[in-house]
Structure formats: structure tokens, C-alpha cells
Amino acid sequence: MLESTSAVSVPIRGPATSALGAAQLMLARDIRLAFRKRGQLIQPLAFFAIVTTLFPLGISPELSRLREVAPGVLWVAALLSSVLALEFLFRDDAHDGTLEQHALSGQSLTWLLFAKTVAHWLLTGLPLSLMAPLAGLSLGAPVGSLGGIVVSVALGSVALSLIGSIGAALTLGVKRSGALLSLLTLPLSMPVLIFGARATELAMKGAGFAPPLYLLGALAVLGVTLAPLAAAAAVRINLE
Amino acid sequence: MAWTWFHRLASPPHVYGLAARLTPWFAWIAAILIAGGLYGGLVLAPPDYQQGDDFRIIYVHAPSAWMSLMVYTTMAVSAGVGLIWRMKVAHAVAASCAAIGASFTVAALVTGSLWGERMWGTYWAWDPRLTFELILLFQYLGYMGLRSAFDDLQRADRASAVLAVVGVVNVPIIHYSVIWWNSLHQAPSVMQLGKPTMPPSMLIPLLMMFLGFTLLFVALLLVRLRAEILNRERTASWIREAVSP
Amino acid sequence: MPARTLQAENLHLWRGDTHVLRGLRWSLSGGECLQITGGNGAGKTSLLRTLAGLMYPEEGRILWDGEDIRRDLPGFQGDLAYIGHEPPLKLDLTAWENLHYWIGVRRRLGDAELQQALERVGATDWLNRPVRTLSAGQKRRVALAGLALMGVSLWLLDEPTTNLDAAGQRLVGALIEEQLARGGLVVAAMHHELPVSGAVLRRMELSAGLEAGRA
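As you go down the protein sequences, you meet chains A, B and C in turn.
Going by my numbering, the first sequence opens with residue -4, and the numbers climb by one from there.
Going by my numbering, the second sequence opens with residue 746, and the numbers climb by one from there.
Going by my numbering, the third sequence opens with residue 8, and the numbers climb by one from there.
Chain A extracted, bound-state conformation (with noise of 0.2 Å):
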């Protein structure tokens, strides 16, 4: 029992969380609580691998034709699987209460819930990432070009994941947000649509892919900067 040296009546037992100690703990929180409902961790993949699987059946089985429009292909199927596992960044928070209690700790709104969103990339973006060379295989990639599609997909969906949590934030109150959220999501996604199948693309032909690569690290930091501050600001507004 810590000796309070304020005069507050009613010390506060134990030494206060640090930022960086209550960010963590969110980050554990929310991936504990994503394994007891794995099933919902594996729609988005799926849905990749389906989308993956429609450009060929719609287009041609030829690789020598799929593998012109690889990259596109890959990143437009990332993007909308992206958007769709968004729906449950603050969904369930929301629902239950417990993101009100994120905004009563005391602690810094924006840092929880950038705790969270990196807990979805985690949980999303990441294996999203270590899918693509297998899809990217079934588009005609060539083996040597899997290197270069985990990395571009890996650092577009951490982009993709900030992005998407200021649409989340926002449509929080909002039913059946599905749609509206691609609306706010998708065209803000766009620089890195255009960077990352850039990336991929350079990737798959042996070239240098670094300077899309930069950019797409660029909208990434930026992503991390503002993004988080956009989504505390919205889901504030949700909570009055």
C-alpha cells in the first residue's frame, strides 16, 4: 500500500499505468479475445482467397495473361478484405461498453486505440500478408517475387488498417455500416492502393521496388500519426 503524499482522502492503490503499460495490456486484451472467437478471425482470409480466386475464373485461366494483372488483382482483393474485417475493430468495444470505459481510464484515448488497431493489422494485415505469395503463386508470380509481395502487403495494410479505423470510429452508431464504410474508407485508400500494386508489380518483374515501397512507409507513418488522434476524436463523438 503506497503512502499517498497528495491530500486526496482516497489514494489510488498501486502505482498509475503508464501509457506505453495500459497500451499494451490493450494489445494483449484484444488479441486474447480475438483466439476465443477465431472463428471471425478467418472470414477475411477467406474472402481473400475467394476474391483471388474470381479474377481467373472471370478473366482467363492463362498465367501468362493473370500475371499482367497480378498485382491489381492482389491489392484490390487485400483492400476490400481489409475493409471488411475493419467492421469488428470497435464493433464488439462498442456493443458491450467497454470502449466507454477506454475513454473514462484516464489514460489517452488515442494511444488505447491505436493499440487496438495494431492488434487488428496483427490479427488481419499480418496474415493477410503471408496469404498474398500463395495467391500471387496462383496468378503466375514468379518465386522469387514472394519476398517482395509479403513486404508490400505487409507495410500497404498497416496503412490500410489506420486508414480504415477513422471510418470505423466514425460509423460506430451506425447499422449495417458495411457499405458506408467502404465509401470512407476506399477512396482515402486509394494512395496506397496505386503505391502497392506499384510495388508489387516492380516485384514480380525483378526490379528495385523500393521507392513505392518509401511511399507506401510514408502514408504508413502518417497513418500512424494522425490516424489514431481522428479515430479518439470520433469515437468521442459516438460516445455523447
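Honestly, I wouldn't trust all of these hints.
If the Cβ cut is set under 8 Å, some of the chain B residues that face chain A in the computed set are [stated by the list, open to error]: (1) Val851; (2) Phe883; (3) Val907.
Since the hints were derived computationally from the structure, they do not count as laboratory data.
Yeah, the Cβ is synthetic: ideal placement off N, Cα and C, and Gly gets one too.
Using the hints provided, position chains B and C relative to the given structure of chain A.
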């Protein structure tokens, strides 16, 4: 003392009355400028040595595109003011801007498409400026969609304000896209520091159109704003006096 | 030792077109409990949420120890606990895990302390089951354990005795009495009487908000 005008702008009845008085001025001057600009551009200005008469669509296209950006900026700024200082009137201004801005964007895209068919042989090209202008249209639609998704007006105002402010990043991107990237779209010939590259006979009608469109926007905004304020304040007592004949 | 004070100054709040809080003005000191009564839609929940800093009053302000809560909202919120109609628990976590997170984001929580708090509310047998499997009353008890563990000065409670049996209601009374004895403050919205005896209990009745007719 300097802040009294700011505080008065926060009062819906004051703004309602002010808007009513200002609208005819903006509307008439806009009409004159647009009529003059169209006459000067479509009739008086000489044909372009490269494009012939095709270039004349610039008199509608360029001002529309410019307005699409300016209206979004106005929307984002007033949304930001409403968000920070909790001014209802600022939110009403932002709400009134959206449909006007979307219309200007559509006009810019359509006129640009017609012009592109003449200049480049195609109705559409995935070039940076065109693509980002299309994204701007989606941003307007997203803003309007988000607004309509909420039953509670205050929440609709504040949530869409966050969206408008976040999305304003696209405005400088569109403007500078022709400088940053090798674009099909021509480089800015009017909005440059130093001497513009157009001869006065072409430039003056164009400037008249820019100014005319701006005043047209303000006039339309004031009309919509009055309707917005009427709707929002419909239960307030000042309304009965203001509206009764 | 200066006691803590919570003051509401001329609070006005609108929800849509309804003028829910109309110029509320009161003051509460450490060791006192304010019970808010009123019918459905009278604004009890709105008042609690405004006190918690979640809602923003159109006019008026709230003072904590004489200072506007807006000046340092996170600091103020770090010293209060707000429990709404539903206990804020994740259904897929156990009672233990829920509290470990809920309290842990604020302060370091020892296992022994957590165990003791859960045992006190009678959760010994079911603290390691997912909250999804618990009854409404059991969930409410977990929330009460969290409340006791928080160690904050101000409690804002919305119908704290909902779904509790007689023993549970006595538990709520005991917890509130302990909080008041420590010098803490409690504001509770209740349909009926708080099971608190002998403590400084003040009452305030809210009547249904006025529709329309704003000046």
C-alpha cells in the same frame, strides 16, 4: 470588441437575416460576371492556335474544378470551426456546402471528359489529377452519406466534421498533382506566380468566370444555409417572427 | 485535509429537441452521497454521463475541487468510476481477466488484491468462467468488484442494484458506505431507495425534460 462580429456570426437568427440581405447582391453580380465571362470567352476571344474552338470549354471546366476544391476547403474549415468551438451555425454552413461542391465536381469531371475526348482522344484517363478529382467526388458522397446515417443531428454534424477535416488532405494533392507527376493534364497556366501564359483576351473572361462562379457559390450557399437554419431551429421561438408574413 | 467537492453550475443539456437538464445547480462534498430519482426519460443517465465528461452541456459547467473538469478531463476521469446500465464486461473473457484489464489500465493490480475483491462479491466459484456464461446478477457483482478495486474518489452509478438479490443489494449498500467513509463521493441514479443507512444521503428529483420551446 473585435470578437463581437464573431459571436454574432454564431447566432442563427442573425445569420439568417444577414443571409437574406446578402443573397440578392451575390446572385446578381454573379449573373453579370458569368454572362460577361461566357460572352467574352465563347464569342469574343479568338480561337486557340492549337485547339481551335475546342478550348472554349475551359470557361466552364476550370472554374468548376477550382470551385470543387474551394467548396471542399470551405466545408472542411467551417466543419473544423464547428467542431472546435461548438458553433451550430458553422455546422450548418458545412452541411450546406456539400451538395454544391459535389455538383461542381461532377461538372468539372464531365466538362473535363468532353474536353479530354477532343484533346487526347479518350473520355477518361487514369491520370493523377483526374483520379484524385474523382476521389474528391467520392469524398463529397461519403460526407453526405455519413450525415444521413445518423438520426441525431448533433452527432451527424460532429462525425461528418471529422471526416471533412481528415479528407481535406486531398485538396492540395489535386492542386499540385500536375506539378508532382508527369500528367496528361496540362500544367497550371492561370494559378501561377508571375505572368500567366494566356493572352488578355482569353484571360479576362476566364477570370470573370472564376469570380462569377465564386459569387454563385456564395449565393447558393446562403440560400441553402437559410433553409438549413430554418430546419435546425424549427422549434425555436424566433422562427415564428422571422417566417410569419 | 481538504475534502473533495463536486459542483454543478447552471447545467443545461439538450438531447435533440428536448431540454433535458434545465439549469441544475448543486454541490456535493466528500463523504456525501447524492441519489437522483425521476421517471424514465427524466435525464438521470444524461446527468451521470455529463458528470463523467462523456456529454457536453450546452451551458454551465462542472467543477471538481473548484476547477472546471474540462481543464484536465483525463485527470478528472482518472479519479472517477462510471458504471452504466450494463456492466462493462467482455463476454468472452473471464471475470478475472476482465477486471485484470479494467483496473490494470489505471493502476498496477496485484493478484491477491484481485482475488480478494472477487471473493468478497461471492465470485469464488465462477471467476474463471467466461462472462458469457454468467447470469445478469453475477455480471453485476463482477462490476461491483471492479468498482471497489478502482480506488477512485468519485462513483457515478446508474441503477447499481439492478438484477441483484437482497444480499447483492446489501453488498451495494456496504460498498457505498465504505466509499463514503473513505471521504469519497457517490452519485447514484435510482428508481427506488438506495440501501444505504445512516450515511449522508441527499436526494434530487429530475422531472421529464421539456420538448421544444427553446428561447
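Do the hints match the structure? See the list:
no.: 1; hint: Val851; result: violated, 15 Å
no.: 2; hint: Phe883; result: holds, 4 Å
no.: 3; hint: Val907; result: holds, 5 Å
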